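Assemble the complex: chain A is given as a structure, and chain B with the ligands must be docked to it using the hints.
Residue numbers (the working numbering), protein chains in the order written: chain A, 1 to 277; chain B, 1 to 266.
Think of the hints as simulated: they come from the structure by calculation, not from any bench.
Since we're looking at a predicted model, the values are computed, not measured.
Virtual Cβ for every residue (Gly too), placed ideally from N, Cα, C.
Hints are not guaranteed to be accurate.
Stated by the list, open to error - One-sided and incomplete, this derived list gives chain B residues near chain A with beta-carbon spacing under 7 Å:
#, residue
1, LEU63
2, ILE87
3, PHE255
To be verified - Not close to chain A: a few residues of chain B, all C-beta gaps over 12 Å, as computed:
#, residue
4, ALA127
5, ASP173
6, ASP237
If you want the building blocks of each chain, they are given just below.
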Amino acid sequence: MSDVAPVGTVADARESALGAWFRKRGGAIVAFIALFVAWELAVRVTGIKEYLLPPPSRVYTEFMKRFDPVMASAWVTTREIVAGYLLAIVVSVPLALWIAYSRFMENAVYPVIVFLQIIPKIAVAPLFIIWFGFGFAPKLLVVFLLSFFPIIVSSIAGFKSVDPDIMDFARTTGASQWKMFAMIRLPQALPQIFTGLKVGAALAATAAVVAEFVASDKGLGYLLLQYNGNLDTPMVFATIILLSLIGLAVYYTVELIERFTIPWHVSQRLTAEETLA
Amino acid sequence: MSSVEVLQSAIVIDGIAKTFRRGNTETRALERIDLTVHDGEFVAIVGPSGCGKSTLMRLIAGLTSATAGSIKLHGTRVVHPQTALGIVFQSPVLLEWRNVLANVLLQLELRGRDPAPHRERALALLATVGLADFADRYPRELSGGMRQRAAIVRALIHDPPLLLMDEPFGALDALTREQMRVDLEALWLETKKTVVFITHSIDEAVLLADRVVVMSARPGRIERILEIGLARPRGLDARKSSRFVEATDLITSIFLARGILHGTRH
Ligand SMILES: Nc1ncnc2c1ncn2[C@@H]1O[C@H](COP(=O)(O)OP(=O)(O)OP(=O)(O)O)[C@@H](O)[C@H]1O
Ligand SMILES: [Mg+2]
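Bound-form chain A, shown alone:
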């Protein structure tokens, strides 16, 4: 964009890519900075009590003081999120495939899944404590349970939503079932599978914290309750921000993988967004 920059160098190309990125994300970054500045100023000007609303600077200093134990807890929670989420993917995508292609599975298993989906999964968490105790397993299962349903439901929809004419075309080539799956059905299901994966990713962090609320002696959910009980509001804020960052990291990892797996779909969505903008 700049009118003084020399043209044609690699550095220049990189700079313009960065520029493009900033033009796109810059607004959000500025908005976040403005939010924190306004928050800081508002707290200082109004002199509001710290245990009600601490300024961001205080949240930061408190967090740095207890960096090591908090990060150890964050690691515990991250492991629960990632393990439960991966388990949900590994179980639900193949199961979705089976349900989508088997009349029996669709008639027998799918209604059960739809029914189970109605159950408020979080209400089941205490039950897991009874069954599996206080350790890693019940948290993993709650994360699994919450991310499982959006992934399986959208994966089934994805596998089923193939255009019948394209399949008819494929049948006139004599291609094997496997080939039709690999070359047509799977790629066309991926956009919907990724939609489910992203919804699941967003739910996974919530699930881990709730599971830790119910019964735990470590993890960010446990810490959050401790800090809350002590009216240590700066650390409550620090924990919440940390949890959000973990959730965001999982979500963007999935989105990054999506970008590399189905660039044709992502670019289409981006163009659609640009057209709307």
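What follows is chain B with the ligands alone, placed relative to chain A:
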């Protein structure tokens, strides 16, 4: 052309009927269709919407099973999807994650053949349908008509002896449509494939086909089969010939008599 050559039958349709059942409702799509298409013949099928043209095409390709009757392709009864053909559906159905060239080559990849040696031919065919500059574009970047032209190339790339085309020019503008018709005739004259060409356009049917099959509304039946007998290549001039006018008038009068077309009221 039937006088001298001894023509082999590419397609023999014998008493085909098709009824769709969903719950208690039955749709009689086709009723007793008898039709023989000779090797290398160009047959067009015209008929009103919903008379079962697409259903008939799917039956010939073995993509659906008949309620009664049988179909033979080169003497072999059709029971499974047939592979010795190229098929164009009413909608272009391209894969959105493949560019135009890759969509064309999909035909060969699905057949387990190496697509690399066919690249040149694919590009040449794309050029003949005016897509030379779009080989590396994705379907979403193409107009509806361009997508359909890519689908036509995909149906030709493996050089099949039989072409089944379901309103292939339906999405094209009048000009491109006329050009595609002329090009299809040229291609057919060159390769002498057997072609079954479904269309809504009486003109197009008469201008392209050796014989035009006129179908009546649901349940679909063959109303009349017309030998066209216009000299080839027909190109752009055939519209002026008296035989063209005669044939289109006759088909129009059949549709008028069956209430499929209505004249102006007096
Ligand atoms: N899968 C199906 N299930 C139930 N009915 C069907 C099915 N396919 C077609 N039909 C019915 O069969 C009849 C013929 O359909 P078909 O698609 O063959 O018509 P067509 O002549 O190709 O029409 P158009 O010119 O509009 O494409 C229609 O009445 C349609 O409703
Ligand atoms: Mg049709």
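Tested hints:
The beta carbon of B:LEU63 is positioned within 7 Å of a beta carbon in chain A (closest approach about 5 Å), and the interface hint is therefore held. Satisfaction of the interface hint for B:ILE87 is found here, the shortest Cβ-Cβ separation to chain A being roughly 5 Å, below the 7 Å cut-off. Look at B:PHE255: its Cβ only gets to about 28 Å from chain A, farther than 7 Å, so that hint breaks. Even its closest Cβ contact with chain A, about 23 Å, leaves B:ALA127 beyond 12 Å, as expected for a residue assigned away from the interface.
With a cut of 12 Å on Cβ distances, B:ASP173 stays outside the contact zone with chain A, its closest approach being about 22 Å. With a minimum CB-CB distance of about 35 Å to chain A, B:ASP237 clears the 12 Å threshold, and the non-interface call stands.
Consistency note: the structure conflicts with earlier hint 3 alone.
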